[in-house]
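K.L.:
What follows is each chain in one-letter form.
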Amino acid sequence: DSLSRLFARCGCVQSVDICEKPGEKKEKLTSKGGGFQVAYVVFRKPAGVQAAKALSREGPLLISTESHPVKTGISKWIASYAASVVDQEELKAEVDAYMQDYDKKIAEEEAKAAKEEGVPDEDGWVKVTRKGRKPGLPRTEAANLRVLEREKRKRARKELLNFYAWQHRETKREHIAQLRKKFEEDKQRIALMRAQRKFRPY
Amino acid sequence: MPGPKQELGTGISQAEMPCSGSVRKRALPGESWAAAGTSGQGITLLPLAKIEELLKEVTLKETKKKKIDAFLHEINSLLSAIPETPETELTDQAWLPEGVKVPFLQVPFSVKGRFRFLSPAELKVVGSYLLGTCIKPEINVDVAVTMPREIFQDKDNLNQRYHRKRALYLAHIAQHLSKEKLFGSVKFAYMNSNHLKPILLLRPQGKDEKMVTVRLHACPAPGLFKPSRFYPSKNNVRTAWFMEQSTPKEGAPEPPTPHYNNSIICDTVLLSHLHFLSSAAADFPGMKDGLALLKVWLNQRQLSKGLGCFSGFLVSMLVAYLLMKRKIVKMMSGYQVLRSTLQFLATTDLSVMGISLAKDVDASLPVLDDFHQAFEVVFVDPSGLVNLCADMTASKYHQVQFEAKRSMEILDDRTVDGFQVLLMTTKPMLRAFDHVFHLKHVSKLQGACKKMQLLNELMDRGGNYVAAALPFVVSLLARGLAGGALLVTHSLPQISEWPIDAEPPKHKDVGPLTFGLLFVPEFAAGTLEKGPQADHPEALDFRTFWGEKSELRRFQDGSICEAVVWQADTVCQKRLIPEQIVRHLLKLHMDIPESSICYTGALLESVIRTGQEASGTGEEAMVSVVFPPIPMKPIYSFHTRIRTKHLLLPSEEKPCPAYIAPLKIICHMEGSGQWPQDKEAIKRIKAAFHLQLAELLQQQHQLVCRPAVTHTDVYKDGYVFRLQVAYHREPLILKEVVTPEGMLKYQDTEESRQLELETLHLPYLTSSLHGLQQQHPAFGSTCRLAKRWVSAQLLSDNISEECVDLLVAFLFLHPAPFTPPSSPQVGFLRFLDLLATFDWKNNPLIVNLNAGLTDADLTEIKNKFVAARSRLPIMFIATPKDQWSSMWTQERPSAQILQRLLVLASESLRALEEQLMDPLNSQDVKMVFRPPLDFYDVLIHLNPNQIPRHLESVDRPLKSFSRGVVKNSTAVKILFPVVDYDPVQCYLQELRDAFSDLALFFYDKHGGEVIAVLWKPLSFQPQPFKVSSMKGRMVTTLNNELVCIPNVEAILEDFEVLGEGLVKSIEARTEKWTI
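Each protein sequence line maps, in turn, to chains A and B. Take the first sequence: its letters are residues 1 to 202, numbered as in this note's numbering. Take the second sequence: its letters are residues 1 to 1075, numbered as in this note's numbering.
Honestly, the hints are just simulated from the structure, not real lab data. Cβ atoms here follow ideal geometry from the backbone N, Cα and C, with glycine treated the same way. Be aware that one or more of the hints could be misleading.
To be verified - With a straight-line cut-off of 30 Å between C-alpha atoms, the simulated BS3-like cross-links for lysine-lysine are: (1) Lys686(B) <-> Lys112(A); (2) Lys152(A) <-> Lys862(B); (3) Lys745(B) <-> Lys104(A); (4) Lys127(A) <-> Lys735(B); (5) Lys182(A) <-> Lys56(B); (6) Lys210(B) <-> Lys181(B); (7) Lys864(B) <-> Lys182(A); (8) Lys136(B) <-> Lys181(B).
Claimed, not checked - Far from chain A, by Cβ distances over 10 Å, these chain B residues were calculated: (9) Ile139; (10) Lys155; (11) Lys181; (12) Gln494; (13) Ala502; (14) Trp566; (15) Gln702; (16) Trp884; (17) Leu1062.
Claimed, not checked - Quick list of the computed label-pair ranges, beta carbon to beta carbon: (18) Val107(B) <-> Arg200(A): 41 to 51 Å; (19) Arg729(B) <-> Lys152(A): 49 to 59 Å; (20) Lys152(A) <-> Lys327(B): 47 to 57 Å; (21) Asn144(A) <-> Trp884(B): 17 to 27 Å; (22) Asp855(B) <-> Glu185(A): 13 to 23 Å; (23) Val565(B) <-> Gln196(A): 49 to 59 Å.
So here's chain A without its partners, still in its complex pose (with noise of 0.2 Å):
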């Protein structure tokens, strides 16, 4: 508001989009006030732009003037939080209107669902949900994961592990070097230990 206050004197100005970085084209506000922010100056007629540039030479502009002072510190917090009580009423017309909407919504989807239920699509497709006779698999990661960890029990159940004779020496060998591993381990870890001067009692 205030921006657009200032930049006024330099022609019409169409709107103020404030963003957290520049380049950002998004449309959302920042809610949250804090920080240094990027403005963006939208005036209804390039000439403004060329007014804007020339300004720079005539010293800071000032934002917070005495006609219209920005408010910080105290005043500001203050200004917050009696923002932050809210009507009751007001709150509960909103969220009633809210619901309202929200369940016209939902009640409609479900409609739409319900009558393309079963309803094969240009290709021929029929789309399987959860509403119907045969509701199919939910299709979500969980599931999907369920599925492979069931394949995966099913063909470790079929493989011999302790058959063949090598298969014993195998794991032998390999429980062998594991021990051998840990006890390089346990050395490095004593190494380390003794150069931290671990071992100083006091």
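With the hints as your guide, set chain B onto chain A.
P.N.:
Relative to the frame of chain A, chain B by itself:
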């Protein structure tokens, strides 16, 4: 290594170890250490190797041994060259030159007998050096100097004549040796601080001075005294002489002087003890290791120094005893020796059932009962004459026993790293005992001796009133505190060495005497001590014990009993009842004035003045309520000041209202398919719930409520509760992502994680901690102290409260080697110690809440931790519900902050312990709660007017602004107070939003008056010009290039503008940096 299986108990089962036997055997000895630091599947050499490393660290190296041997040879030749002196009266000490004083308190001075110096008959090294069991840090070599027979006359055993001669002998040696260049220092000391036994300390010249101390003991020629004169029931100090009366009183029997006798007889057996020990240590390599471990164990518990200590020599004799009794066999390893010895100590009470090393029972020798009558703790040496534990008090032995028991528990507990806990952790009194108090002036004990009529004991102890009175003081306290105290113990009086030209230290030079009290957790429960019924004979005894505090009371069951009632209203005061008891008893029975007792039980508690101990009250009406934070903050209620509409608002002109922290309550909605599946819709539903809840509470319970979109605030009895409705599926809905293929995936988002933390994990954690609080009443206060300290050091925004909670919970759940703290102060000290010493880089901190983790889980966590170290947060805390993510420390603290925290913790701990252990100075314990500010670059001073929590600050402001007083109004129509309004926090938020990439902001949220700012050094380096990084920078030219540097002046001005009305002044400390 045959058959030590029964010793080692349940370890690795056979099934886990199908492979070679050799590996298994090697793993055995250290197996019980195996718990921590091991790598899971059982077999590891780590524990064993740790012990070996420790032994390497503490034992003497061969090269040093050679040096020491050479040094000893030189001493030998020097000693035999000392000139002899003509015979003089004992009291005529004019022949001694100026530069040396007799190392003995000659009270009374006059004594018969004649003395001359003759060259020593024999020089022998005795003690641990020869056995190879002496360990660092103090390498002592004991040398026995045998005084030739010709020095002595008849009846030298009487009236300290022997002691005087010994002292003169040493003085003469000292005087000659002090002229030699060989020695770095020649000093006197008391052996184990026993003033009846002076010794001469010799240290080599130059840089080896620290290496070794040679202790010269003068001892009589063998066969000089008849042993029967020194039986514990015999008298060797005449009352008339001691009282300096000319004629002995007729008829009165002379009292026995067992301690005096012991002090002579133990000089005669030095050599035989050496032979005894060396025969025990022969072909027993494990003994050497075991003794080294035991000595480290004793040292860490501060039991091995001072009068009546459990010295290294004593423990060697104990191991020899166990060997004799076949409790230990020569095949055992060092670890097994340690374990068996601790087991023996834990189960045997030497103050009731003494033990003796004497093999053949000679009918003429005194029996154990004689010893028990004379001494508190009995351990008789091989000769059957000397009590090795003569100076030890029963309470000291009980402490040793307690420690041994505790250590055995730790060894059996596989979840604790026994090695670290038993041998590497020191247990100073302040951290080990719940309450510690000092007797500032031990000379007051003189009066106590008089009052208790301890003349005989004084005579026996050669006038040492501290040693004479100590057992009585301790037993008095133990009886008085019997209800709550687990252990009452005292510090060992210690007298340091002194130069040879100084007078020997007096008894009062032992400095303040410290007593430690260990309590059962429930000790703070009652204020009343019920005695026997009024008409019972014990009643009189009870009355005399408690004095005028005892009064008759009628109890509910109709009985009329003697009882003592202590004044205590709050929990905090109840914790201090022991102080009242101690002060009262010492005054009543010992004539010790209150002013000379310095009680440091709860000095710190003033920092966390709690108005009320808050707890979730008055919410009985609600169903399925989870109370989150066990309220940790002092809570102040609010009094109306300004009214606008129906509630209160802060105003500009008046000081800002006192801060009210809302207590959060989370209500879970019931799961139902009816609830909407959309984020926005759920928000509305919750808002509707909040409105409805507020309405219902207002109507049905007449509570004042204020609903908002995200919560409903409820005011009741001075507290504000913040009701939040939560829906358990909401985090899931927030996580939902639909992939392009139409698959539903769950992905953690910032929002969902936050919500999960708040509604799921926090309530769980809180309820677990609440359970802990029920078990350990000191938990809450310890948490508060810890948090207060963290925030006083301005770091509270950099470490989450839950993280501090968990750290404190760790202290209570895994207290080894201590017991769980029963007072906030000791808890806080251990918290600082934990912070300062825990190795965050290499170890996860596992807080086993509700014992929810099994052994297997623990090892798994440790292994995964090692594997994934680099990806985990710097401070990794695992709990049963949160084994892998350490959610409370994920974002903060950063490595730098943690480092700073560690430094601060160790410094605070040091300063605090110094203050608490030094009763003579004024104790300003709040010092550690005042942050050092010289470290920061900019200080923003705030206007106290606008700090809502000003009253919570460490140094409570003398006068603060009226922010209203506690008003527990039950009136229905009251105005809703200002809740959760803290301008300073708003200010900090804005500062961080704007300048977080340039500087760090630190603030004590409990009423600090200063915001400290630290520039980030990286951001001060000139950077190339870029539009996106122009925040707070200005363009300059450097080497003809356009660069940006922070525009500090403008930033400082911004600080002021942003905090208009709140900022008083900004102090830029430009000495560290330039604009």
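K.L.:
Are the hints correct? Go through all of them and say.
P.N.:
Structure-based check of each hint:
1. Lys686(B) <-> Lys112(A): holds, 28 Å
2. Lys152(A) <-> Lys862(B): Holds: Lys152(A) and Lys862(B) sit about 29 Å apart, inside 30 Å.
3. Lys745(B) <-> Lys104(A): holds, 27 Å
4. Lys127(A) <-> Lys735(B): holds, 25 Å
5. Lys182(A) <-> Lys56(B): Between Lys182(A) and Lys56(B) the Cα gap is close to 23 Å, so the pair holds against 30 Å.
6. Lys210(B) <-> Lys181(B): Cα-Cα ~16 Å, so holds.
7. Lys864(B) <-> Lys182(A): holds, 15 Å
8. Lys136(B) <-> Lys181(B): holds, 26 Å
9. Ile139: Correct as stated: the minimum Cβ-Cβ distance to chain A is 14 Å, above 10 Å.
10. Lys155: holds, 46 Å
11. Lys181: Consistent with the label, Lys181(B) stays out of reach of chain A, its closest Cβ about 32 Å off (over 10 Å).
12. Gln494: holds, 17 Å
13. Ala502: Holds, since 29 Å exceeds 10 Å.
14. Trp566: holds, 40 Å
15. Gln702: holds, 17 Å
16. Trp884: Nearest chain A Cβ is 18 Å from Trp884(B), so the label holds.
17. Leu1062: violated, 6 Å
18. Val107(B) <-> Arg200(A): 41 to 51 Å: holds, 43 Å
19. Arg729(B) <-> Lys152(A): 49 to 59 Å: Given a distance of about 30 Å, which is not inside 49 to 59 Å, the answer is violated.
20. Lys152(A) <-> Lys327(B): 47 to 57 Å: holds, 56 Å
21. Asn144(A) <-> Trp884(B): 17 to 27 Å: holds, 23 Å
22. Asp855(B) <-> Glu185(A): 13 to 23 Å: holds, 20 Å
23. Val565(B) <-> Gln196(A): 49 to 59 Å: Distance hint for Val565(B), Gln196(A) holds at roughly 55 Å.
In this structure, the earlier hints numbered 17 and 19 are contradicted, and the remaining ones agree with it.
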